Structures are given as C-alpha cells and as structure tokens.
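S.K.: Sequence:
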Amino acid sequence: MTTTEMPDTYYGAAPLQDGRTAAMEYLRRPGPVYRCGSTWFITSYDGVRFAQKNPDLFSSAKAFDGVANAIRMIPLAIDPPKHADYRRVLDPMFGPKRMEAMDADLRAQLRGHIDAFAPSGRCDVVADLSYKFPTQAILTLFGLPLEHLPQFLEWTYGIIKDREVGSLDAETASPRVIECSIALFGFLAEQLEIKRSHPGEDMLSSILALDGDEAWSDEEILGLCFLIVLAGLDTVTGAIGYSMLNLATNPELRQRLIADQSLIAPFVEEVLRLDGPVPGVPRRTTQDAEVEGVLIPADSPVLLMLGTANREVPSVAAAPNEMNLNAKPTHLGFGGGIHRCLGSHLARRELRLTVEEFHARIPEYRLAGEAHTLWPAGTLGLEALPLEFEPC
Numbered sequence: 122m123t124t125t126e127m128p129d130t131y132y133g134a135a136p137l138q139d140g141r142t143a144a145m146e147y148l149r150r151p152g153p154v155y156r157c158g159s160t161w162f163i164t165s166y167d168g169v170r171f172a173q174k175n176p177d178l179f180s181s182a183k184a185f186d187g188v189a190n191a192i193r194m195i196p197l198a199i200d201p202p203k204h205a206d207y208r209r210v211l212d213p214m215f216g217p218k219r220m221e222a223m224d225a226d227l228r229a230q231l232r233g234h235i236d237a238f239a240p241s242g243r244c245d246v247v248a249d250l251s252y253k254f255p256t257q258a259i260l261t262l263f264g265l266p267l268e269h270l271p272q273f274l275e276w277t278y279g280i281i282k283d284r285e286v287g288s289l290d291a292e293t294a295s296p297r298v299i300e301c302s303i304a305l306f307g308f309l310a311e312q313l314e315i316k317r318s319h320p321g322e323d324m325l326s327s328i329l330a331l332d333g334d335e336a337w338s339d340e341e342i343l344g345l346c347f348l349i350v351l352a353g354l355d356t357v358t359g360a361i362g363y364s365m366l367n368l369a370t371n372p373e374l375r376q377r378l379i380a381d382q383s384l385i386a387p388f389v390e391e392v393l394r395l396d397g398p399v400p401g402v403p404r405r406t407t408q409d410a411e412v413e414g415v416l417i418p419a420d421s422p423v424l425l426m427l428g429t430a431n432r433e434v435p436s437v438a439a440a441p442n443e444m445n446l447n448a449k450p451t452h453l454g455f456g457g458g459i460h461r462c463l464g465s466h467l468a469r470r471e472l473r474l475t476v477e478e479f480h481a482r483i484p485e486y487r488l489a490g491e492a493h494t495l496w497p498a499g500t501l502g503l504e505a506l507p508l509e510f511e512p513c
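Take 122 as the starting number for the sequence shown in the numbering used here and just add one per residue.
These aren't lab readings, by the way, just hints derived from the structure by calculation. Treat the hints with care, since some could be wrong.
[Unchecked claim] Derived SDA-like pairs (lysine to any residue); straight-line CA-CA distance at most 25 Å:
{"id": "1", "residue 1": "Lys282", "residue 2": "Ile192"}
{"id": "2", "residue 1": "Lys183", "residue 2": "Glu341"}
{"id": "3", "residue 1": "Lys203", "residue 2": "Ala330"}
{"id": "4", "residue 1": "Lys449", "residue 2": "Ala380"}
{"id": "5", "residue 1": "Lys203", "residue 2": "Phe215"}
{"id": "6", "residue 1": "Lys174", "residue 2": "Gly499"}
{"id": "7", "residue 1": "Lys282", "residue 2": "Ala134"}
{"id": "8", "residue 1": "Lys183", "residue 2": "Arg405"}
{"id": "9", "residue 1": "Lys174", "residue 2": "Gly457"}
{"id": "10", "residue 1": "Lys253", "residue 2": "Gly233"}
{"id": "11", "residue 1": "Lys183", "residue 2": "Ala205"}
{"id": "12", "residue 1": "Lys253", "residue 2": "Arg232"}
{"id": "13", "residue 1": "Lys253", "residue 2": "Leu313"}
{"id": "14", "residue 1": "Lys282", "residue 2": "Leu495"}
{"id": "15", "residue 1": "Lys253", "residue 2": "Phe215"}
{"id": "16", "residue 1": "Lys218", "residue 2": "Asp332"}
{"id": "17", "residue 1": "Lys174", "residue 2": "Tyr155"}
{"id": "18", "residue 1": "Lys449", "residue 2": "Arg170"}
{"id": "19", "residue 1": "Lys253", "residue 2": "Gly321"}
{"id": "20", "residue 1": "Lys218", "residue 2": "Arg208"}
{"id": "21", "residue 1": "Lys183", "residue 2": "Gly158"}
{"id": "22", "residue 1": "Lys218", "residue 2": "Leu348"}
{"id": "23", "residue 1": "Lys253", "residue 2": "Pro484"}
[Claimed, not checked] Computed beta-carbon distance windows for the label pairs:
{"id": "24", "residue 1": "Asn175", "residue 2": "Leu495", "range": "30 to 36 Å"}
{"id": "25", "residue 1": "Ala237", "residue 2": "Asp339", "range": "34 to 40 Å"}
{"id": "26", "residue 1": "Leu374", "residue 2": "Ala438", "range": "20 to 26 Å"}
All values derive from a computational prediction rather than experimental measurement. We put the CB at the ideal spot given by N, CA and C, even for glycine.
Kindly produce the complete structure, drawing on both the sequences and the hints.
M.R.: This is the structure we're talking about:
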C-alpha cells in the first residue's frame with residue numbers, strides 16, 4: 122500500500138467547531154495510517170489496538186525521550202520489563218476499592234463548589250467546577266492539605282496550559298512552564314519529607330513505606346506525581362465539561378439519568394468514547410512496523426488516534442456516532458495495553474459523582490452561551506461552559 126502524506130497543517134485544521142463527529146471523520150479521511158510531516162497517524166481501531174498490544178514495536182519510553190522530558194514520568198515513560206514492576210505496585214493503589222474510600226471527601230468537595238454558585242442561578246462549569254475539583258481530588262489522593270489548592274492550581278495549570286504537547290523540554294518550554302515546574306517539584310519534595318515523618322493513609326505514604334527491592338527513590342515518586350498532574354487534571358476537566366455540555370443540550374437524556382442513576386455509569390463511558398479529552402497518544406517505533414498494510418519506518422514518531430478509533434469500536438458498529446447507553450464499554454478513552462490509564466477508576470468516579478451531585482442540587486439547567494473547544498491541543502476541553510438555572 123502506498124503512503125498517504127498530508128501537509129503539516131492537516132491535523133490542526135480539523136473542524137472541531139463543527140462538532141466532534143465532523144472532526145473525527147476529517148481525521149479518518151486520509152486512511153487508517155497516514156503521515157503528516159514526520160509524524161505517522163494511526164486512526165483505525167484495529168491499527169491502534171495492534172500498536173497498543175505491541176509495546177516492543179511502539180515504545181512509550183522512546184516517545185517521551187524524543188521530547189527530552191526533564192522529569193521522567195513514571196510509569197508512562199517506561200517500557201517493559203521495568204514497567205511491569207511499577208504497575209504491580211501502583212495498580213492496587215489506584216484500584217476501585219481504594220478510590221471508593223475517597224467518595225465522602227470527593228462528594229463534600231463537589232457540594233462545596235456547587236453551594237458557591239447555586240444561589241446565583243448561573244455558573245461556568247469550567248471555571249467554577251471542572252477546573253478546581255480534579256485538582257482537589259489529586260491533593261486528596263496524595264494526602265496533601267486542601268489549603269494548598271490555590272497555589273497548586275497556579276502551578277499545575279501554569280505547566281499544563283503553557284507547555285508544548287507532551288513535553289517538559291527544558292530547551293523549548295516557556296519560562297512560565299519552567300518556573301511552575303521548579304516550584305511544584307520543590308513543593309512535592311518538601312511534602313515527601315513531611316510524609317516520611319508523618320505518614321498517613323494516602324498514596325504517597327504507601328509508596329514511601331515500600332522497602333527492600335520495591336523501595337522507590339524520591340526521583341521516581343516525583344516522576345509519578347508529575348505524571349498524575351499532567352495526565353489527570355486537564356483530562357478530567359475536559360471530560361466533566363463535555364459531560365455537562367451533553368446534558369445541558371439534551372434535556373431528555375438528562376431526565377433519563379435523573380430518573381435512573383444506574384445510567385450515569387454508561388453515560389460516562391459514552392462521553393469518553395465520543396467526546397474523550399485525549400485525541401491521541403504518542404509512541405515511537407523501535408523498528409520497521411507494518412500497520413494496516415502500511416510500512417512505518419523504525420524510529421518514527423507515531424500518534425495513536427484514540428478519538429478516531431473510538432468511532433470504530435465493534436460494540437457500536439451499527440451507529441458509531443450516536444450515544445448508546447446499552448453499549449458495552451469497550452472504548453479506548455483510557456488507552457489500552459500495558460499503558461492503559463493508571464487513574465481510570467478515579468477519573469470515572471470523579472465524572473460520575475459530578476453528575477450525581479450536580480443533579481441532586483440543580484436538576485434543571487440550560488446552556489447560557491457558546492461552548493467552544495480549545496483546538497489544536499494535546500488535550501481537548503471547553504474554553505467555558507456557561508449554564509443558567511433557577512437559583513437554589
């Protein structure tokens with residue numbers, strides 16, 4: 122099969138302003154595998170799954186080495202066999218039972234945000250809720266006092282919003298990214314010292330308690346923290362925004378979820394499939410690799426297009442662009458293979474609890490302005506989501 126080559130500008134020209142379906146169809150149009158500049162795009166479900174199942178051919182570590190990250194993000198920037206050692210320790214810490222233990226704290230945090238804007242009859246979901254809540258959840262996971270929220274928000278979003286996609290490259294990062302990264306690094310290092318002398322029931326304390334061959338260095342722990350910050354904040358912010366946008370513009374769907382809360386979980390899965398915040402994840406080939414009949418040369422940057430692949434999920438083949446609350450959640454919104462999202466259980470819980478708590482206080486609401494997706498971007502999210510409702 123011949124290689125389809127598109128101009129460098131093709132990806133950034135995707136028509137997100139016309140909706141996610143139009144944008145994903147545009148990105149699939151050149152074929153299941155094509156090249157934009159030096160980057161290869163794999164857009165088909167089968168092609169993406171092949172790459173995910175073959176990390177020896179499609180390296181995550183080399184993808185991040187290629188952008189010269191100053192901080193090695195654990196375990197995303199690690200390939201087998203060392204990757205399995207990290208996941209063996211981390212998977213139970215991020216499992217459903219550990220996340221369930223956070224429910225009361227997360228609900229209280231959500232209610233606090235909703236209490237602040239409910240009496241006014243208006244809110245911007247992004248600024249008033251989805252921007253703050255995921256960061257509170259991370260502080261709770263780390264076992265850090267919530268009084269650090271304002272400073273933590275300043276640092277984390279200084280890094281996220283100003284950095285190049287997927288990079289903390291000291292040579293190309295803006296002064297703001299470098300400044301915030303250094304400040305956050307120093308803060309987390311101080312907190313590790315506090316945790317050593319005053320351990321709690323949190324993730325950082327659990328990792329610090331490891332000993333012998335399983336003990337982690339401070340550098341490894343900080344690498345994990347940076348991964349969680351960079352991969353777990355603006356992604357959840359984006360997913361909350363798209364969840365609430367779907368509900369604000371579809372009253373019938375909203376009423377179904379209010380009448381039957383068991384539908385919230387499949388709704389969340391469909392938001393992640395159709396409006397997931399991560400359009401694609403980077404890899405780099407370790408040798409020549411053939412995908413969908415196309416030969417990708419060794420040492421090539423590759424983007425696994427989760428957003429387009431999700432439109433080819435077998436369980437929704439009959440109507441791939443429509444929300445189906447009866448579909449089996451086999452989407453790739455959390456990636457797949459050995460690098461499947463470590464924080465997927467926490468993210469699902471944050472999204473489900475947001476819908477539950479918002480509807481418990483404000484069951485009727487409507488869009489009060491335009492909701493624009495920020496694009497091009499490594500993570501998709503809304504610039505703002507203004508809603509109006511009866512003051513309560």
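S.K.: Does glutamate 341 sit within 25 Å of lysine 183, going by the straight-line distance between their CA atoms?
M.R.: Within the cut-off at roughly 18 Å; holds.
S.K.: Is the hinted pair lysine 174 and glycine 499 satisfied, with a Cα-Cα distance of at most 25 Å?
M.R.: Distance ~23 Å between lysine 174 and glycine 499 Cα, so the pair holds.
S.K.: Holds or violated: lysine 218 with arginine 208, Cα cutoff 25 Å?
M.R.: 17 Å, holds
S.K.: Taking 25 Å as the top limit, are the C-alpha atoms of lysine 253 and glycine 233 close enough?
M.R.: With Cα atoms ~11 Å apart, lysine 253 and glycine 233 stay inside 25 Å; holds.
S.K.: Given the hinted pair lysine 253 and arginine 232, is their alpha-carbon gap at most 25 Å?
M.R.: 12 Å, holds
S.K.: Verify the proposed pairing of lysine 449 with alanine 380, using a straight-line Cα cut of 25 Å.
M.R.: Holds. Lysine 449 to alanine 380 sits at ~21 Å (cutoff 25 Å).
S.K.: Take the C-alpha atoms of lysine 174 and glycine 457, compute the straight-line distance between them, and say whether it is at most 25 Å.
M.R.: 8 Å, holds
S.K.: For lysine 253 and leucine 313, compute the direct alpha-carbon distance and say whether it is at most 25 Å.
M.R.: 23 Å, holds
S.K.: Is the Cα-Cα distance between lysine 253 and glycine 321 25 Å or less?
M.R.: 24 Å, holds
S.K.: I want to verify a distance hint. Is the separation of the beta carbons of alanine 237 and aspartate 339 within 34 to 40 Å?
M.R.: With a Cβ separation near 37 Å, alanine 237 and aspartate 339 satisfy 34 to 40 Å, so the hint holds.
S.K.: Lysine 203 and alanine 330: Cα distance at most 25 Å?
M.R.: 20 Å, holds
S.K.: Just to be careful, I want the Cα atoms of lysine 282 and isoleucine 192 compared with a cutoff of 25 Å; is the pair within it?
M.R.: Roughly 17 Å separates the two Cα atoms, so the pair holds.
Checked against the numbered hints listed earlier, the structure breaks none of them; every hint is satisfied.
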